[in-house]
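Undergrad: Under the numbering used here, the first residue of the sequence shown is numbered 48, with each subsequent residue one higher.
I should point out that these hints are in silico values taken from the structure, not numbers from a laboratory.
Predicted model, so just to flag it, every value in this text is computed and none were measured.
You may find that some hints are simply not true.
[Said to hold, decoys possible] Listed below are the simulated SDA-like cross-link pairs for lysine to any residue, each with C-alpha atoms no more than 20 Å apart in a straight line:
id, residue 1, residue 2
1, Lys119, Glu81
2, Lys178, Ala98
3, Lys178, Glu89
4, Lys119, Pro99
5, Lys178, Val121
6, Lys178, Leu84
7, Lys178, Val271
8, Lys178, Gly95
9, Lys178, Ser144
10, Lys119, Leu163
11, Lys119, Ala85
12, Lys119, Ala147
13, Lys178, Pro99
14, Lys178, Arg140
15, Lys178, Val117
16, Lys119, Trp80
17, Lys119, Val186
18, Lys178, Asp74
19, Lys178, Leu94
20, Lys119, Phe67
21, Lys178, Leu120
22, Lys119, Leu180
23, Lys178, Leu104
24, Lys119, Pro150
25, Lys178, Gly63
26, Lys178, Leu229
27, Lys119, Cys91
28, Lys119, Arg101
29, Lys119, Leu107
30, Lys178, Pro152
31, Lys178, Ala236
32, Lys178, Pro139
33, Lys119, Gly308
34, Lys119, Leu183
35, Lys119, Gly176
36, Lys119, Arg76
37, Lys119, Leu54
38, Lys119, Gly142
39, Lys119, Arg132
40, Lys178, Ala214
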Amino acid sequence: MQDLTLLLDDRGFAYGDGLFETVLVRDGRALLWEAHLARLAEGCARLGLPAPPRDRLDPLPAACAPGLQVLKLVVTRGSGGRGYRPPAEPTPRWGWSAAAFSPTPQRWFAGVEVRLCALRLGRQPRLAGLKHLARLENVLARQEWDDDIIAEGLMCDSEGYLVEATAMNLVWLHAGRLETPLLDQAGVAGTLLAALDAETPLQRVRVEPQRLQQAEAAWVCNSVQGVWPIRVLRDAEGAVLRRWDVASDDPLRGLAHPLLGYPVGPDA
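Start from the sequences, fold in the hints, and give me the full structure.
TA: Below is the structure:
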């Protein structure tokens, strides 16, 4: 049997008491690096953890192998305390890993099918927006389907309002304006979403899934995969709720992909 003593002793492993970032790295250069570190610093402040020092973090992208890599950075409260009571002066642990990554261009240009999830996200403003380690809700939501045709599942909160996809943010075009769910009660404030908001204003709204069905176009996106236009929206039982045509000159992809070094069009 493998010795798990160190893992069991760590509060991140035992309670999800920590944070993580997944960063796209291209030939040693991290994309949206400042946004990732800003979210990590905010998360540490909200959880009451000392943030890892910048002089230790900044060299990490250059240590990744050439090509396209995903750098995963994990910070936990470390060990100590008793039960749920954390140590008064935590000694955080942090570490990183990198793995080669290949995106799926077909999803950029042909679009994807998504479905609504039955699982509802609990509301907790103290954690809303953070990329914390306690992601069991997302795991259970992703467990709802195993059909590879479905690329993502869309999740609502306990009150029935749209929040996000299981691993991506959600954006749609309604009445000529770009909208995205409010993330003040649940969900992850994505770094690509923030970058898009800096390029063109996104209206934060608290709406039910019916609003999405009324949209002229819709997308899921994150800082690793890029932008996937939604082609088909299904309910939790698989029935089609809405279909969209996917534009070859997709406006959201045109804004997002240059930030990630991904092509804007299929012939690029």
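Undergrad: Hint by hint, note whether the structure agrees.
TA: To see whether the hints hold, each was checked on the structure:
1. A C-alpha spacing of about 15 Å is found between Lys119 and Glu81, which places the hinted pair at or below 20 Å, so the restraint holds.
2. Note on Lys178 and Ala98: the hinted pairing holds, with a Cα-Cα distance of about 14 Å set against a maximum of 20 Å.
3. For the hint pairing Lys178 with Glu89, the CA-to-CA distance comes to about 10 Å; that is within 20 Å, so the pair holds.
4. With a CA separation close to 14 Å, the supplied pair Lys119 and Pro99 stays within the 20 Å bound.
5. A hinted pair counts as satisfied when its Cα atoms are at most 20 Å apart, and Lys178 with Val121 qualifies at roughly 10 Å.
6. With a C-alpha separation of about 12 Å, the suggested pair Lys178 and Leu84 falls inside the 20 Å cut-off, and the hint holds.
7. Under the criterion of a C-alpha separation no larger than 20 Å, the hint pairing Lys178 with Val271 is consistent with the structure, at around 14 Å.
8. Restraint check for Lys178 and Gly95: satisfied, since their Cα atoms lie roughly 15 Å apart, inside the 20 Å limit.
9. For a cut-off of 20 Å, the pair hint linking Lys178 to Ser144 stands: about 17 Å separates their Cα positions.
10. Under the criterion of a C-alpha separation no larger than 20 Å, the hint pairing Lys119 with Leu163 is inconsistent with the structure, at around 28 Å.
11. For the hint linking Lys119 to Ala85, the alpha-carbon distance of about 15 Å falls within 20 Å, and the restraint holds.
12. Note on Lys119 and Ala147: the hinted pairing holds, with a Cα-Cα distance of about 11 Å set against a maximum of 20 Å.
13. Using a Cα cut-off of 20 Å, the hinted pair Lys178 and Pro99 holds, with the two alpha carbons roughly 16 Å apart.
14. Proposed proximity of Lys178 and Arg140 is supported: the alpha carbons are some 16 Å apart, at most 20 Å.
15. Distance hint between Lys178 and Val117 is fulfilled; the C-alpha atoms sit about 16 Å from each other, no more than 20 Å.
16. Simply put, Lys119 and Trp80 have alpha-carbon atoms about 12 Å apart, close enough for the 20 Å limit, and the pair holds.
17. Straight-line distance between C-alpha atoms of Lys119 and Val186 comes to about 18 Å, which keeps the hinted pair within the 20 Å bound.
18. Restraint check for Lys178 and Asp74: not satisfied, since their Cα atoms lie roughly 25 Å apart, outside the 20 Å limit.
19. Between the alpha carbons of Lys178 and Leu94 the distance comes to roughly 11 Å, so the proposed pair stays at or under 20 Å and holds.
20. Taking the CA atoms of Lys119 and Phe67, the gap is about 7 Å. The hint holds against a cut of 20 Å.
21. For the proposed pair Lys178 and Leu120, the alpha carbon gap of about 11 Å is at most 20 Å, so the pair holds.
22. For the suggested pair Lys119 and Leu180, the alpha carbons sit about 12 Å apart, so the restraint of at most 20 Å is met.
23. A C-alpha spacing of about 17 Å is found between Lys178 and Leu104, which places the hinted pair at or below 20 Å, so the restraint holds.
24. Proposed proximity of Lys119 and Pro150 is supported: the alpha carbons are some 16 Å apart, at most 20 Å.
25. For the hint linking Lys178 to Gly63, the alpha-carbon distance of about 11 Å falls within 20 Å, and the restraint holds.
26. With a CA separation close to 16 Å, the supplied pair Lys178 and Leu229 stays within the 20 Å bound.
27. Simply put, Lys119 and Cys91 have alpha-carbon atoms about 16 Å apart, close enough for the 20 Å limit, and the pair holds.
28. For the given pair, Lys119 sits about 16 Å from Arg101 by alpha-carbon distance, which is consistent with the 20 Å threshold.
29. Annotation: proposed proximity of Lys119 to Leu107 holds, straight-line Cα distance about 10 Å (limit 20 Å).
30. Between the alpha carbons of Lys178 and Pro152 the distance comes to roughly 26 Å, so the proposed pair goes past 20 Å and is violated.
31. Note on Lys178 and Ala236: the hinted pairing holds, with a Cα-Cα distance of about 8 Å set against a maximum of 20 Å.
32. For the proposed pair Lys178 and Pro139, the alpha carbon gap of about 16 Å is at most 20 Å, so the pair holds.
33. Our distance criterion of 20 Å between C-alpha atoms is met by Lys119 and Gly308, whose separation comes to about 19 Å.
34. Restraint check for Lys119 and Leu183: satisfied, since their Cα atoms lie roughly 18 Å apart, inside the 20 Å limit.
35. Taking the CA atoms of Lys119 and Gly176, the gap is near 18 Å; set against the 20 Å cutoff, the hint holds.
36. For the hint pairing Lys119 with Arg76, the CA-to-CA distance comes to about 14 Å; that is within 20 Å, so the pair holds.
37. Simply put, Lys119 and Leu54 have alpha-carbon atoms about 18 Å apart, close enough for the 20 Å limit, and the pair holds.
38. Pair hint Lys119 plus Gly142 holds up; C-alpha atoms about 8 Å apart against a cutoff of 20 Å.
39. Note on Lys119 and Arg132: the hinted pairing is violated, with a Cα-Cα distance of about 27 Å set against a maximum of 20 Å.
40. A hinted pair counts as satisfied when its Cα atoms are at most 20 Å apart, and Lys178 with Ala214 qualifies at roughly 11 Å.
Checked against the numbered hints given earlier, the structure breaks hints 10, 18, 30, 39 and satisfies all the rest.
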